[in-house]
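Going down the list, the protein sequences come from chains V and S. All residue numbers for the first sequence refer to UniProt numbering, where the first residue is 1 and numbers rise by one. All residue numbers for the second sequence refer to UniProt numbering, where the first residue is 1 and numbers rise by one.
Source of the hints: derived by calculation from the structure; they are not laboratory data. Errors might be hidden in some of the hints.
Stated by the list, open to error - Short derived list, chain V residues pointing at chain S, Cβ under 8 Å:
| # | residue |
| --- | --- |
| 1 | GLY110 |
| 2 | SER113 |
| 3 | PRO114 |
| 4 | MET115 |
| 5 | ARG124 |
| 6 | GLU136 |
| 7 | ALA153 |
| 8 | MET156 |
| 9 | TYR184 |
| 10 | GLU187 |
| 11 | VAL188 |
| 12 | LEU190 |
Each residue gets a CB set at the ideal place from its N, CA and C atoms; glycine is no exception.
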Amino acid sequence: MWGYPEPIGRLVEQFMKLPSIGPKTATRLAFHVLSMSSEDVEGFAKALHDVKHNLTECAICCNITEKTPCSICADASRDDKVLCVVQDPKDVMAMERTHEFNGKYHVLHGAISPMEGVGPNDVRIRELVQRIGTNEEISEIIIATNPNVEGEATAMYISRLLKPFPVRVTRIAHGLPVGGDLEYADEVTLAKALEGRRQI
Amino acid sequence: MRIERLTLGKFRNYETGNVQFADGVNVFIGENAQGKTNALEAIHMLAMGKSHRTSKDTECIQTGEESALIKGEITVKGHRSVLQVDITQSGKRALVNGLSQAKMTDFIGHFQVVLFAPEDLQLVKGGPAVRRRFIDMELGQTHPKYLYHVTQFNRVLQQRNAILKQTEIDWDYVGVFDEQLAIHGAEVTVRRRRFVDEMTKFAKRIHQNIAPGREQMSIEYNPSIRSDDERGHLNVDALAEHYLTLLRQRRHQDFQSRHTTVGPHRDDMSFFIDGKPVQSYASQGQQRTVALSIRLAEIDFIYQEVGDYPVLLLDDVLSELDDHRQTNLVISMHERVQTIITTTSLAPFHGMLEGQMRLFQVHSGIITG
Chain V
1 MWGYPEPIGR LVEQFMKLPS IGPKTATRLA FHVLSMSSED VEGFAKALHD VKHNLTECAI
61 CCNITEKTPC SICADASRDD KVLCVVQDPK DVMAMERTHE FNGKYHVLHG AISPMEGVGP
121 NDVRIRELVQ RIGTNEEISE IIIATNPNVE GEATAMYISR LLKPFPVRVT RIAHGLPVGG
181 DLEYADEVTL AKALEGRRQI
Chain S
1 MRIERLTLGK FRNYETGNVQ FADGVNVFIG ENAQGKTNAL EAIHMLAMGK SHRTSKDTEC
61 IQTGEESALI KGEITVKGHR SVLQVDITQS GKRALVNGLS QAKMTDFIGH FQVVLFAPED
121 LQLVKGGPAV RRRFIDMELG QTHPKYLYHV TQFNRVLQQR NAILKQTEID WDYVGVFDEQ
181 LAIHGAEVTV RRRRFVDEMT KFAKRIHQNI APGREQMSIE YNPSIRSDDE RGHLNVDALA
241 EHYLTLLRQR RHQDFQSRHT TVGPHRDDMS FFIDGKPVQS YASQGQQRTV ALSIRLAEID
301 FIYQEVGDYP VLLLDDVLSE LDDHRQTNLV ISMHERVQTI ITTTSLAPFH GMLEGQMRLF
361 QVHSGIITG
């Protein structure tokens, strides 16, 4: 590629497969790798290998984990009654950082988007329904999918599927960021916040 | 509202461009294909965030270049600010006073223009899509919330239509999108109705001034979501409820045609002179008078909504107005409205603007004042 020795060209092409990396950045990264020590390069290669081969999906919550069940599902101190449904493993981390949620999770790995060919069977909805059907302890499902068209549709789909089960289905609130000023909020968020107001 | 200065870089046939505008009338004069309309297009982009001629932004970049720049110093209600649009091969960025705006909808609405071009006759003669686009553009630049609902509606509609194209349709699955479709669809419909009502008020008055005889013009909004209940027209919740019912009732039609057959994407509006539809009954001259009345009505509408007059852009239209009164009316706007005109000849202004206009010569992408 571009007259570079074949191994460099191949590395550039690999880097370009990553999101937001174009030919220029890929070339810079490839030459940087060349200047790294052998140990660092091997560590890097091993990390890449391990992330793919040492991680699996938790058999219970579908989150990515080293061993199944994952540490959250195996944690006896957590509340089995409440389940928080999120789109991505990254969302679990975000929820965990709040230190406010002590229930368990279910990771969908995406949201319904027919135009991109992602239907209900392409995300882990079936696994969720199965889990609720076999675990009678679960009493509340909090749906925390993203507040966009696809996230809302996914929430709606799940809530309809769960109608026959004796569980409370809730949707996280949309509204103002804490610590922000009212005047800087965009009007759609403000309108949502107004809709979801509560008595004090 | 005024545009004080316009700076262009690598935009269409302009290598660089720098224009300082006067408060009243500004005239770009030059032969055809020298870049007069390109300059208006740039000003239009500062207001709308997109071109009125193309949906491909990259077409605005000078051939062989990486990026184009448009920058305008504007004054709105006495406050000066700087708007900027950077167009690159990979996308565009909009800035207000040097601050990059996260979404295009945050950029639109800082500055308003009304553009009158020869193709405006299509508003009357063309298909419903032209009129829906007109409503979207005009409401969008005064009501950003409207743009949000239209964008959301279109996204939900695409998702729903994608399911309708599948070989086997699970209606429970389709229904997952219905609620969102209904809410945004109802918001769009109610806002469009209010807009058409307001525009009718202004357009009627203008039409009386420029039409011959005692012709009376009227406008009607023809929404796809119709409620029998007259009072329900402006109630979003009631209309959303009604739209949901329609979506359920029309499943068969939706299945047959493989897309959603009811909703604001099927809206239209019609124009009448003395009760007769303009599209089929009126002469070319009458149609043009109606189109002009609607454009000029926008000026009053924007003033009412925003509190300042928009900038009026006239793209080579004065030579087409056959009536002296019309030319006069358009020209007389400059007392309240900053006006920017493109023309190949000064003949239409003969005796009207002596010493009151700033003249710019446009030749092969170079503007000289």
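Right, here's what the structure says about each hint:
Of the supplied interface hints, the one on GLY110 (chain V) is violated, with its beta-carbon coming no nearer than about 14 Å to a beta-carbon of chain S, more than 8 Å. For SER113 (chain V), the shortest C-beta to C-beta distance to chain S is roughly 7 Å, which falls under 8 Å, so the interface hint holds. Restraint check, PRO114 (chain V) versus chain S: the minimum CB separation of about 4 Å is within 8 Å; hint holds. Checking MET115 (chain V) against chain S: minimum C-beta separation of about 4 Å stays under 8 Å; hint holds.
Taking 8 Å as the C-beta cut-off, the interface hint given for ARG124 (chain V) is violated, the closest approach to chain S being about 17 Å. Using the Cβ-Cβ criterion of 8 Å, the hint placing GLU136 (chain V) at the interface with chain S is not satisfied: the shortest such distance is roughly 25 Å. Hint on ALA153 (chain V) holds. Least Cβ distance to chain S is approximately 5 Å, under the 8 Å limit. At a threshold of 8 Å, the smallest CB-CB gap from MET156 (chain V) to chain S is about 5 Å, leaving the interface hint in force.
The interface hint given for TYR184 (chain V) is broken, as the beta carbon of that residue sits about 12 Å from the closest beta carbon of chain S, more than 8 Å. This hint holds: GLU187 (chain V) has a C-beta 6 Å from the nearest C-beta of chain S, less than the 8 Å allowed. Annotation: interface hint on VAL188 (chain V) holds; nearest CB of chain S at approximately 5 Å, less than 8 Å. Interface hint status for LEU190 (chain V): violated, as the beta-carbon distance to the closest one in chain S is roughly 10 Å, over 8 Å.
Checked against the numbered hints above, the structure breaks hints 1, 5, 6, 9 and 12 and satisfies the rest.
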